[in-house]
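Visitor: Spelled out, the chains give:
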Amino acid sequence: MTAPAVALRTYTGRTSLAERAKTAARQGSPALLSLAALLAIFAVAVANQPGILSIPGLTLMLMSAVPLVFATQAQMLIMAVGDIDLGIGYLVGLVTVIAATLLDAQPLLGIGLLVGIVGVYALVGLLVERRGVPSIIVTLGMSFVWLGLGLQLLPTPGGAAPEWLAAIGSWRPTWIPGPLVFVVLATVVGWYLARHSRIGMRMRALGSSAPTLNKAGRSLTATRVIAFALAAVLVILAGLLLAAQTRSGDVNSATNFTLTTIAAVILGGGNFSGGRALPVGATFGAVTLGFITVLLSLVNLSSSLQSAAQGLIVLAVLAGRVITERFTR
Amino acid sequence: MSSIAMDRGVNDATSRRGPDVIVASGVTKRYGSTTALNGVDLAVSRGEILGLVGHNGAGKSTLMRMFAGRELPDEGRVSWHGGDGRWDARAAAAAGVRMVYQELALCADLTVAENGALSDPRPSRAGWRGTAERRIGEVLDRVFPGHGISVIQRVGELPMAERQMVEIARVLCTDRLGLLILDEPTESLGVDATRQLYVHLKTLVAEGVSVLLISHRIQEVLQHCDRIAVMKDGAVVDIVGADRATESALLEAMGGEVRADVGTLARAKVLADAAPQTGATAEIIAELRTGDGPALRVGAGEIVGLAGLAGQGQEDVLARLWQGGRGARVPKRRAYVPGDRQTSGILPLWCVAENLTISALGGVSKLGFLDLRAKRALAARWIQALRVRGEASTPITALSGGNQQKVLIARAFASDARLVLLDDPFRGVDVATKSELYALMKAEAAAGRAIVWYSTENREMAHCERVYVFRSGRIVSELSGATNTEERIIADSFDHATGGSR
Amino acid sequence: MITAPHPVPEATVVSVERSRPRLVWPAWGWSLVGVLLIWGFIIAVRPGAPFDPLAQALSLAPFLVLVALGQMLVITLGPGNIDVSVGTIISMSSYVSVAVSVVAGPVAGLVAAVGVGLVAGAVSVVAILLLRVPPIIATLATSLIVSSATLLLSDANRAAADAGLRVLVNAKLLGVPVSALFVAVVTVLIALMFTRTRFGLSIVAVGQSLRAAERAGLRVKTLTAIAYLVCAAFAGLAGGLLAAFISPSTVLGTSYMLDSVAVVVIGGTLVSGGRPVPVGTWTGAMFFVLLSGLLNLVGWPVGAQNILKGLLVVTVVLISTASTGTGRSTLARLRASLNPHKKETTNG
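Protein chains in written order, with this note's numbering: chain A, 1 to 329; chain B, 1001 to 1502; chain C, 2001 to 2348.
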């Protein structure tokens, strides 16, 4: 009793590649701030230490950015649905602990724990959607659970990552900086999840306008739960890669990730209200902030000042966002 | 009141009609104490365009949502092809009911193609993105040839007219279209696109699709619909064949003015006499420039009404008067009575007295410390004056909507504001309460306050000395005295520019 | 000036019957039950001298209460409002107060401690109001800056707290620590502020509904700024006092961040804002201090204690949002507050 409304007929307006590129550039323009920052930092670093412009140099520069980029993509997914995760720092730490203890000694238990973490994240997503509890308080509370678990498993830093993980960490191809491969990989994964896949589209729709998603007949709960679960997987990857680099476990090894990932997403053109996900921008943001850490140690800034520098940079980034918004309006 | 050759019209219209596709019978819907729909009977038949007109609060949108399965009736039922299953969103989706929302069901952060795919029921395998781009691109090409919209643009980047086109195209992204519901689809469309839309609707109808069209552009409804249903006060008061109807007859059926008839003039005169002296000579205490239209002026001791269809810029005027700033000259002390009691009115955890006095705390405190006795007395005076049901210590949420509204009005008038802004505060308030509050407003104005009152209920505007009618963000007329009638307001609310038959 | 309704039917002012104090279960009731329960456990584990654990807790709790009172002020502002910089402010102000009191006496030391809080609070306020950063990020950034400053100070500073202040903080009056009495007075003042002052009532109104408060003519930005400044100042004061009670350290305040939030929530204050419960900070703090005492007594490791605390916070938040039915609207308001410009689309 229904009539065919759409017959495949006349569509001739194939979008040309040039137009696609132009549109992508315009839509990605919020990420330009991070690209500019990245180039500036890189230039300063090169001026300071010309040795960076070599494959080993770039490897060193980029190494610290690898786990951060994965964690940033996770934060980006959660911010795309309009939430914020304040537990990422300790969770990455916990994963390094699991990697350095259980994953070697009792692999099954270790893997079980990691899967359990994904389940807990899904549960958090469920509670946020169904019970309306603010995600920042729940994830803040959970961050102490992660910290506690980490301390229980490994009270002092130590342990040893399994061989295969250490091998990943020490992979050094001669033709390309190894970490760059991981950075690109993380970006592609984030891009696929948030921008290319259908679930990513729904996640952005949830953050952009939940009533519209509901009118389209899609489940809000399922979307939020999946977003949280996918984010957990990315956080776990971040933790494993950090353990691969340090070859040991320390629950406090990534505490600064919580703020840094949020700052990286914002620097990369994301927003706090949800709906937007720019994986490339987020990666630029994360690499920039990672470079800054390296740069600060290059210029022999006292380690005491590093966190202040980070805090100030975050505030400067957010101030930059306010200013650029004024300009573009 | 209006029976525009009704029998003949209906008969003629029915004779050509196909079988009924969807039928609402005896549908009633209540929200709290207000009845949005009151025993509505309406059928849409196969292959027709049914127009639905009516003024604010006539129940059009509620009826639409009911047809779309997004709202379940309290009484009566909606049936699809005579079936008796439950008519909810799932059933409606399966039957191919698609709706263009007035507020647009689009995600600003998603691209045009993604928005199409979001609500597209058809499955698509790998490469869904390409499929989605092709699908909505084809629909756009077919409905709006030469539209100039790139399907990979984000909706948030598009101007309003193009968003409206995307919303229409989004809805047409389906292979099962049974009933198409359009809620003000041409509100922001240009002339060409509007014409293209109606051309396409004609082809859809020829393919057997049924269309339900809500529009306040009476001329369009007259030109393109087969039948027109007129709604008023939650009921369908008239159904006429479009070939038989005229704009004036429809306006009259909705409760609007046709010509300045004698009865209206007489009634208006009574109102004009009853109203206090106009504020023409009073000191102008607030002034606001509105775009290219005339400026809005409010004098001390004056009640000024903002009328017209909902969402034509009245809220914007209130917001600018409230915030002050550029183009607005406002007194320092102002008060605001919000219309949405639940989200921007009551302070839900507090009792009546605290809710009532929060804006007036400056008057009952010394150096920031409250004089509790004075605060209690202030609350008590107002509770008594307005006969608020319940004590000062009753939780605000325990009160009925009308009594909550009394408290909010009292909050504004208990402060020392010179300019009081009312944002359609009497929706869902019972008649007795309303008349008490009208009396209060008049007394307060007589005492020298200036009141700006936005209302979607045109009848209320009779209590104003002057009324500004808004359309598309502009003041289109200023009514006072004898011209300030409900009928004139309704007539001025609708756009005659596209018509010209008057 | 106040304005009377103009059509006053009778000139007499009716006396509205004052609501009689009825026996209602207070918001801090459950935390008191918790205190008694834990106390019972402690006595069961270590019989003899049943009042010792209470006295011990009473000497530790005041600092936590002081921080929690400030945190309560911020949380009462409504969804999204939280100050996570209190922990690092405590650490920093402990060093500053000691350094200043060596030079200029204990009173100046405490004033300096409050000053540290105010400066840190000002950074947060600028970020929140001018840069429009969500409070949690703003205060997190502040806390990073403050922690760097603390590290720098700790390198330069090895002085001990002023002896006089040390005596005062540890002094007892009729068996009750002087610090507890002092904080009790502060609590009473804060409670009075919430019921008797324009400022207090306005804060509560903002927390119940930002939009309604704005429409009622309240100056939301000013109120927000003052709340964050007071919160940071209280943390600074607590740091100054803790410096004398324990000793300055870079991790002195670390646990206070989550603990203060937990104490506020456990004490019955609505995490969604709009309902402060000053008394609850005491019962909540006593519960927390006794709980960690008990856990130490039975030999729970730090890790397990953290897990318990985290789960406790999540559970209490879940229960309190569910029981007041404010969950859904809270989330909506939080979203709205994150992006005031976003057009709200509804089903209508």
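Derived from the structure by calculation, the hints contain no laboratory data.
Where is the CB? At the ideal position from N, CA and C, for every residue including glycine.
Among the clues, some could well be false.
[Claimed, not checked] Examples of chain A residues lying across from chain B (beta carbon under 10 Å, computed):
id	residue
1	Gln27
2	Gly207
3	Pro211
4	Arg218
Visitor: Now, for every hint given, state plainly whether the structure supports it.
Guide: Now the hints, each set against the structure:
1. Checking glutamine 27/A against chain B by beta carbon gives a least distance of about 6 Å; that is within 10 Å, so the hint holds.
2. The interface hint given for glycine 207/A is met, as the beta carbon of that residue sits about 7 Å from the closest beta carbon of chain B, less than 10 Å.
3. The criterion of a C-beta within 10 Å of any C-beta in chain B is met by proline 211/A, whose closest approach is roughly 7 Å, and the hint holds.
4. Annotation: arginine 218/A was flagged as interfacial toward chain B, and the flag holds, the nearest CB pair being 7 Å apart, inside 10 Å.
Against the hints set out earlier in the document, no violation occurs for any number.
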